[in-house]
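Letter by letter, the chains look like this.
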Amino acid sequence: MIMTIEKRIPRLGIGGPVGSGKTMLIEKIVPLLSAKGYKAGIISNDVVSREDADRMRRNLATQQGLLSEELVIGLATGGCPHTAVREDPSMNLSVIEEMESKYGYLDLIIIESGGDNITTTFSPALADYFIYIIDVSGGDKYPRKRGLGIETCDLLVINKIDLAPHVGADLAIMERDAKEVRGDKPYVLVNSMTGQGIEQVTEHIIRDILFEAAPKTLAKT
Amino acid sequence: MYMSTKDGILDINTADLSMLQLSDSFFPTGMYSMSNGLEAIFYGGKKMKAQELREFVATLLQFQIGPADCRALGNAYENAAKSNVDRLVEVDRTVFSMKLVKEIREASTRSGTQLVRCIRSFSDDKILCKYQEAIKSGQASGLYPVALAVAANAFSIPKEKTALIMMYSFSVSIVGAALRLGMLQHFDGQKIIDDLKPTIMMVIKENINKPLESIWQFAPSIDIIQISHERMNSKMFIT
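Residue numbers (the numbering used here), protein chains in the order written: chain A, 1 to 221; chain B, 222 to 460.
Check each hint, because a few of them may be wrong.
Unchecked claim - Distance condition first, Cα-Cα at most 30 Å in a straight line; then the derived DSBU-like pairs of lysine-lysine: (1) B/K382 with A/K102; (2) A/K216 with B/K267; (3) B/K351 with A/K7; (4) A/K36 with A/K7; (5) B/K323 with A/K102; (6) A/K7 with B/K426; (7) B/K268 with B/K303.
To be verified - Short derived list, chain B residues pointing at chain A, Cβ under 8 Å: (8) P249; (9) M255; (10) A279; (11) T280; (12) S332.
Claimed, not checked - Sample of chain B residues with no beta-carbon within 10 Å of chain A, all distances over it, derived: (13) T235; (14) T250; (15) S256; (16) K270; (17) Q283; (18) E311; (19) R331; (20) T334; (21) K351; (22) K418; (23) P419; (24) M422; (25) L433; (26) I459.
What the hints contain is simulated information worked out from the structure, not anything from laboratory work.
Every residue, glycine too, gets a C-beta built ideally from N, C-alpha and C.
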């Protein structure tokens with residue numbers, strides 16, 4: 001018998017290599033979601049520190065007041081970031097269930113994986129939608145090299161596009177290869193530092209995960 | 222279910238397989254993310270030899286897991302077998318009160334809750350359902366030793382073998398953490414697990430049939446190490 005979860009809040013998984021910009025992507029999309037009335041909680045799976053969770057808490061909660069501080073939770077992964085979001089997501093699921101029971105008004109829970117290799121994927125039990133983020137400084141070969149993350153994610157984000165000329169990466173090649181590897185599945189070119197492309201990512205989230213439902217807190221009033 | 226042959230009955234059954242399933246590190250309880258204080262020792266600068274690591278695990282088994290979790294497991298198993306949910310909840314609450322360190326308490330609760338959730342996805346065992354309802358309603362917390370006992374009862378795994386699952390899984394999680402911290406070589410880890418076997422057997426024998434009222438745990442120096450882990454800014458492990 002399959003157990004159903006009451007009051008299930010949609011879940012967005014964000015994975016990608018170390019330094020690809022997972023944390024900053026979250027820091028950029030949460031304000032856009034918040035401006036439209038959507039409230040998000042965040043679970044950050046750090047590999048060796050709580051730095052990412054602390055940074056997001058300070059930025060998004062303490063400084064910008066977009067969510068309360070307890071809605072940014074850091075989780076250690078025992079040195080196995082892919083295990084924590086794929087083979088054995090039990091610790092993440094426990095935290096999500098705690099969030100669902102305490103903060104039922106949330107529209108979205110964002111789960112950031114620890115920085116990992118290109119085989120990272122999210123367990124379907126953990127994330128309803130999976131964004132994989134890479135950056136151009138890894139070289140324009142990245143999409144062509146495939147890997148489960150790049151191939152199977154719902155949305156591929158190619159970040160730091162402003163650096164392309166400085167690292168000898170050809171964005172046209174990356175786009176061509178992303179299309180070839182992913183077929184019809186979408187990708188977005190992004191510069192998280194300037195916000196370029198972030199609106200598009202947010203639109204994907206609202207359309208493809210939230211199904212353009214009205215924010216819960218606005219719907220009640 | 223026993224497997225029979227022309228020559229008689231083979232001494233294997235599905236409960237044995239269930240035992241392997243529940244003790245496999247592949248089973249999703251999140252134990253791979255727990256070091257039970259070992260990470261705090263490592264980052265405290267202590268260079269631990271294999272023998273010292275074995276003693277660390279043995280101390281945890283003898284003074285924390287044995288008198289608290291193993292006794293709770295034995296009592297939970299008996300009450301699950303008798304379908305006594307009220308008493309099962311009492312065991313849950315009692316072992317919860319033994320978990321002095323927040324990280325350790327939360328890790329056990331999350332492991333146990335997810336274990337119940339996983340087994341419920343393919344078992345309609347009555348007492349398992351009731352225990353899950355008690356967790357959902359907040360009557361019980363879903364600690365690992367109680368959850369494991371209820372799951373094992375559902376699979377007809379004998380009580381003593383259920384204790385073996387818990388002690389073995391616990392030992393492997395710490396040795397695994399030591400390997401990932403680079404404290405050991407992989408063969409050293411297996412030798413430590415082998416060396417721990419007599420301790421595991423002794424601890425189960427001493428604790429599995431003790432009444433709930435006799436539950437205790439006392440390892441203050443390890444409590445302090447586990448508390449110091451909570452305060453670490455940089456860590457790989459949940460505990």
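Verification of the supplied hints:
1. B/K382 with A/K102: violated (37 Å)
2. A/K216 with B/K267: This hinted pair is violated, its Cα atoms lying about 51 Å apart.
3. B/K351 with A/K7: holds (21 Å)
4. A/K36 with A/K7: holds (22 Å)
5. B/K323 with A/K102: Since the Cα atoms of B/K323 and A/K102 sit roughly 19 Å apart, the hinted pair holds (cutoff 30 Å).
6. A/K7 with B/K426: violated (44 Å)
7. B/K268 with B/K303: violated (48 Å)
8. P249: Hint on B/P249: holds, closest Cβ of chain A at ~4 Å, below 8 Å.
9. M255: holds (7 Å)
10. A279: Since the shortest Cβ distance to chain A is 22 Å, the answer is violated.
11. T280: violated (21 Å)
12. S332: Holds. Min distance 7 Å.
13. T235: It holds; B/T235 is separated from chain A by about 19 Å at its closest Cβ, greater than 10 Å.
14. T250: Violated, since 6 Å does not exceed 10 Å.
15. S256: violated (8 Å)
16. K270: holds (21 Å)
17. Q283: For B/Q283, whose nearest Cβ neighbour in chain A is about 24 Å away, the distance exceeds 10 Å, so it holds.
18. E311: holds (23 Å)
19. R331: violated (4 Å)
20. T334: violated (6 Å)
21. K351: About 14 Å separates B/K351 from the closest Cβ of chain A, which puts it past 10 Å; holds.
22. K418: Nearest chain A Cβ is 24 Å from B/K418, so the label holds.
23. P419: Since the minimum Cβ distance to chain A is about 28 Å, B/P419 lies beyond 10 Å and the statement holds.
24. M422: The claim holds: B/M422 sits with its nearest Cβ about 27 Å from chain A, beyond 10 Å.
25. L433: The assertion about B/L433 holds, with a minimum of 26 Å to chain A.
26. I459: violated (5 Å)
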